[in-house]
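Got chain D sorted already, so can you dock chain H onto it with the hints?
2 protein chains.
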Amino acid sequence: MIEIERKFRVTHLDCLQFAQRSSRISQGYLSTDPARTVRVRTKDDKGFLTIKGSSSSDGSSRYEWEKEIPLDDALELLKLCLPEPIYKVRHLIPAGKHTYEIDVFEGANAGLVIAEIELERADEPFERPDWLGEEVTGDARFYNAFIAENPFNTW
Amino acid sequence: MIEIERKFRVTHLDCLQFAQRSSRISQGYLSTDPARTVRVRTKDDKGFLTIKGSSSSDGSSRYEWEKEIPLDDALELLKLCLPEPIYKVRHLIPAGKHTYEIDVFEGANAGLVIAEIELERADEPFERPDWLGEEVTGDARFYNAFIAENPFNTW
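Read top to bottom, the protein sequences are chains D and H.
All the letters of the first sequence, read from the start, carry residue numbers 96 to 250 under my numbering.
All the letters of the second sequence, read from the start, carry residue numbers 96 to 250 under my numbering.
Chain D on its own, in the form it takes in the complex (with noise of 0.2 Å):
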C-alpha cells in the first residue's frame, strides 16, 4: 500500500486538549536505510511490524507494508533493534474530516512535537489549524529512522 502523509512541527502543545485518543508508542528499527526501513512498535498492548520503501521524490508519498503481531514477539524483537528505542505519546486530533496524528516524543527526543495528516491525494485540501508550525514533510531529519540513530537532544 502506498501512504500520502504530511508532516508538521507543532508550535504549541494546547492542541492536545482536543484528543479524541492517545497511544503510547515505543519504536525500534532493524534496518534504518530509507529504501528498506524495518520498524518494530509496541502501542499500548499491540504489537506491529512495518516495512517502509523509499520516498516518493517529493517525500509526500511511500510503500508501507504492515503486520500486527503478537505483543510478546514485538518485545523480543525490540532488544534487537538498534539502541535506544524511540518512546512517544500519540494523540488524535480531528481536523474537518481528517484526523492529525500528533506524536509527543519523550527521553532524548523531549521537545520534538510532530504532526501527520494522511491524504487520499498529494493535492488534496486539509484544514490547517494555528498550531501546525513549519511543514518538515520528505525533511529526512524528521524520519524516526533517523531520529533513533540522532536523537533530538544532539541536534
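Note that these hints are calculated values from the structure, not bench results.
Among the hints, a few may not be true.
Repeated chains share a single entry, so a pair holds when one copy, or any two copies, can fit it.
[To be verified] 27 Å max Cα-Cα, derived DSSO-like pairs, lysine-lysine:
1. Lys138 with Lys102
2. Lys192 with Lys174
3. Lys138 with Lys192
4. Lys174 with Lys162
5. Lys192 with Lys102
6. Lys162 with Lys141
7. Lys141 with Lys102
8. Lys162 with Lys138
9. Lys102 with Lys162
Computed from a predicted structure; not experimentally measured.
Relative to the frame of chain D, chain H by itself:
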C-alpha cells in the same frame, strides 16, 4: 525461538537421489546486519518474513522469528530488498532421526551446495553421511545474508 543448526558443504550431489521433497526458494534481505537480519522469502507458493539475531559464540545457535505472510506481499517486499535475490532449490534428505536440508544454489551462486541440520541441543549426536563435507557452522561467509551481497562467483 532459538535455533541450533550445524552447516556443512556437500561433496557429491548424488545425495539428491534420496530427497524426500524439494522446494524452490527465492530470498532477499531488508537488512544483512548479522545482529538483526531481515529476510523475505518465497518458498514454492508461500511467503515468509524472518528475523534473526546474533549467533552464539560457537555459531551454532541464533534467535529466529518467522511469520508466514501472503505470497503477493512477499513478492512486493522482495522488490525493496538489496539487489539480486538468492535463488536455490532446497531438498530434504532424512538421516537417522534428523533431516538434512540441502540447498543447491543457482544463478550467481551456482556451484555452492550447503547442508544444514537442526538439532535440539548443541551436543546432540547425528548421522554424517559420506556426502557430507567440511563443517562451516558459524563461518559468516556461508550466511545467506553475506552471499546475497557477495555471490559465490565472486569468491
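To see whether the hints hold, each was checked on the structure:
{"no.": "1", "hint": "Lys138 with Lys102", "result": "within (20 Å within a copy, 39 Å between copies)"}
{"no.": "2", "hint": "Lys192 with Lys174", "result": "neither (38 Å within a copy, 34 Å between copies)"}
{"no.": "3", "hint": "Lys138 with Lys192", "result": "within (24 Å within a copy, 43 Å between copies)"}
{"no.": "4", "hint": "Lys174 with Lys162", "result": "both (19 Å within a copy, 18 Å between copies)"}
{"no.": "5", "hint": "Lys192 with Lys102", "result": "within (17 Å within a copy, 57 Å between copies)"}
{"no.": "6", "hint": "Lys162 with Lys141", "result": "both (11 Å within a copy, 16 Å between copies)"}
{"no.": "7", "hint": "Lys141 with Lys102", "result": "within (24 Å within a copy, 36 Å between copies)"}
{"no.": "8", "hint": "Lys162 with Lys138", "result": "both (13 Å within a copy, 20 Å between copies)"}
{"no.": "9", "hint": "Lys102 with Lys162", "result": "within (23 Å within a copy, 32 Å between copies)"}
Violation of the numbered hints given earlier is confined to hint 2; every other hint is satisfied by the structure.
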